[in-house]
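Protein chains in written order, with full-length UniProt numbering: chain W, 1 to 491; chain S, 1 to 118.
Among the clues, some could well be false.
[What the hints assert, rightly or not] Over the 10 Å line for every Cβ pair with chain S, so calculated as not near, a few chain W residues:
(1) 164
(2) 376
(3) 480
[To be verified] Example chain S residues on the side facing chain W (calculated, C-beta under 7 Å, incomplete):
(4) 23
(5) 84
(6) 91
(7) 92
Because the hints were derived from the structure by calculation, they are not lab data. Glycine residues also receive a C-beta, built at the ideal position from the N, C-alpha and C atoms.
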Amino acid sequence: RDRRERHRSKSRDGTRGDKSVTIQAPGEPLLDNESTRGDERDDNWGETTTVVTGTSEHSISHDDLTRITKDMEDSAHLDCSRHLGVALGAALALLAFLTPLAFLLLPQLLWREELEPCGTPCEGLFISVAFKLLILLLGSWALFFRRPKAFFPRVFVFRALLMVLVFLLVVSYWLFYGVRILDSRDRDYRGVVQFAVSLVDALLFVHYLAVVLLELRQLAVRSADGPSRFYNVGHLSIQRAAVWILENYYHDFPVYNPALLNLPKSVLSKKMSGFKVYSLGEENSTNNSTGQSRAVIAAAARRRDNSHNEFYYEEAEHERRVRKRRARLVVAVEEAFTHIKRLQEEDQKNPREIMDPREAAQAIFASMARAMQKYLRTTKQQPYHTMESILQHLEFCITHDMTPKAFLERYLVAGPTIQYHKDRWLAKQWTLVSEEPVTNGLKDGVVFVLKRQDFSLVVSTKKIPFFKLSEEFVDPKSHKFIMRLQSETSV
Amino acid sequence: LLSFPFQQRIEIHKLRQGDNLILGFSIGGGIDQDPTQNPFSEDKTDKGIYVTRVTEGGPAQVAGLQIGDKIMQVNGWDMTMVTHDQARKRLTKRNEEVVRLLVTRQSLQKAVQQSMMS
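Here chain W stands alone, though its shape is the one from the complex:
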C-alpha cells in the first residue's frame, strides 16, 4: 500500500488533484517527523484543525504525507531540476547580454577596412548601449538572481514564459544580423550600431514587462488553534505566497502551545457515559448497527448536558488562579530588581562584592524563582522556558538596565514563535497542501493549507476591492455654521 500510494502521487504530478509539496530551506536536512502518533492525539488534531483536501478518489492520510515527504529520492531529483533551471536562466541571460556587444564587435573584427567612418552619433550610441546594458544587468540581478528564500520544485510558468520570450528575441535578432549584415558585409557601421541599440531596447522592455506583471492582491490567514492574521500580498503564485506567509508566521503568530488547546479532561469525560439500546421487535442484522449508533448519538445530544456549566466555572477559576499568580510574580520580580543596582564610579566597594551580570542574575533569581515557576506552570508555559533561558534573559535585562516589566513581558504575553529558543520551535519542514497546482497564481477564494506535525495554517485568499479615490477640494473659508433646532419657523 505504501509503494502504491507513493507511485500514485508521483504519477499524478501533471494532473489536477491533491498536491503536496515540501518546502525546505536550502541546505538544511529534513527534520525527523514522528510518524507514529498516539490515538488520543489524533482525535484532538481532528477536532481542532481544518484541513482542505482536494477531491480525488484516493485520499492520502496524514501518515502517508509524512512518509512521502521523507522520500530521499524525491528530494534529490528536485534539487537537480532546480539547479538546472537556474543554470539555464543564467546562460540565457548571459547570451542576451553579450549579443549586442557581439553585434558591435564583429564588423570591427571582420571587415574593418571596408567600414565607413562613423562620427559622433556612433559614439553617442555606444554610450547609450553601455548604460542600457548596465541597467539591464542590475535589474536582472534584482529581479531574478537574488538568493531564493525557499526552494520551489516546479518551474515557474511566469519565468519560463519570459525566458522563452528572450530566447526568441535573441534568436530572431541573430537571424537578421546573420543574413543582412554578415552575409552582405554591410558598410554602414552606424546602421549596425543602431541595430544593436534596438536589441538592447527590446531587452529592456522585456525586463519592464517582467516587473509590471507583479500587481496587488490580498491574503487572509487563519491558524489551527485560533489566532488569525490578515496580510497584504502581491500577485504571487501559491507556493511563493506560502513561503511569504511562513516568514510572517514566525514573527506574527503567538507560539503554538498544544497544552492549552484541549478542554480539561475532567469536563469532557462526563459526556461519554454509555447508553444501552434495547431493540424491541424484529431484529434485522444489517441495519441494526447503524440505527443503534445513531440512536445513541441522538439520545446523548438530547440529554441535558451540563458540561458547559462546569467548563464555565473551571475557566473562571483558572482565570482567577492565573491572575493571582501573575500578581505574585510581578511583585516578586519588582522586589528582586530593587536588590541590585549598577556600580557607579564613586561607590567604594571591595572587589569581592562586585558581580558581573551573570552572577547578579543568579543572585536575584532565587527570590523570584518560585513565583515564576508557579506562574509558568499555571499558564502551561513551562516547556518553553527552561531555567537556563530565564537566567539568560534576566542577565540580558540587567545588562541593558531594563525595568522588571520589560523582563516580565516575555513571560506574561505569549510571544511570536521566533522569540523562543531556535532549536525547538523553528522547524523548517512544512507541507503545502492545495487543491490547485501550486504554481497557479492567487485568485479570489483560493484556499491552501500549510501543515506541520501537530498543527496547520489554513490560508484563504480574498481579493481587495478595487479602490476608486476621488478628489474634492474644500475651501477653508467655507466652514460656516448655524444653530439648528430642527427647523424653526417664526410666526
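Starting from the structure of chain W, add chain S where the hints point.
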C-alpha cells in the same frame, strides 16, 4: 397616570405688521422633524411643538409665553401630533386675530430661563 408639569393657557393677540399678522415667537418640532435636536424637551423622543424663541416685546412675550414651552393646543386644535408645517398653519390663520394656546412648561426649565433672562 401621567403627571403634567405646569400647564398654562395663554392668549395671544396678533400684531399687525404690514400685510401680516405676527405672534412674535418661533416654533420648532413636529412629527416630521428630528426630536433629538430639540434642546427643550425632556424626553428626546418627544415630537411636539416647542417654542424656540420669543421676540422681545412681541405679543407672545406680553401674553406670558416663554422659551421652551411646549404647545399642546392652539384654539382647540391638538398640536402634539402635527407636522411642523401644519403647526405653522394653525398658528398663522389669516382670519384669526387671537390665538389661545395651551402650553406646558417644565418647572426646571422655568428656573433655568429665569436665570437666563436676568
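Results of checking the hints against the structure:
no., hint, result
1, 164, "67 Å, holds"
2, 376, "54 Å, holds"
3, 480, "19 Å, holds"
4, 23, "5 Å, holds"
5, 84, "6 Å, holds"
6, 91, "5 Å, holds"
7, 92, "5 Å, holds"
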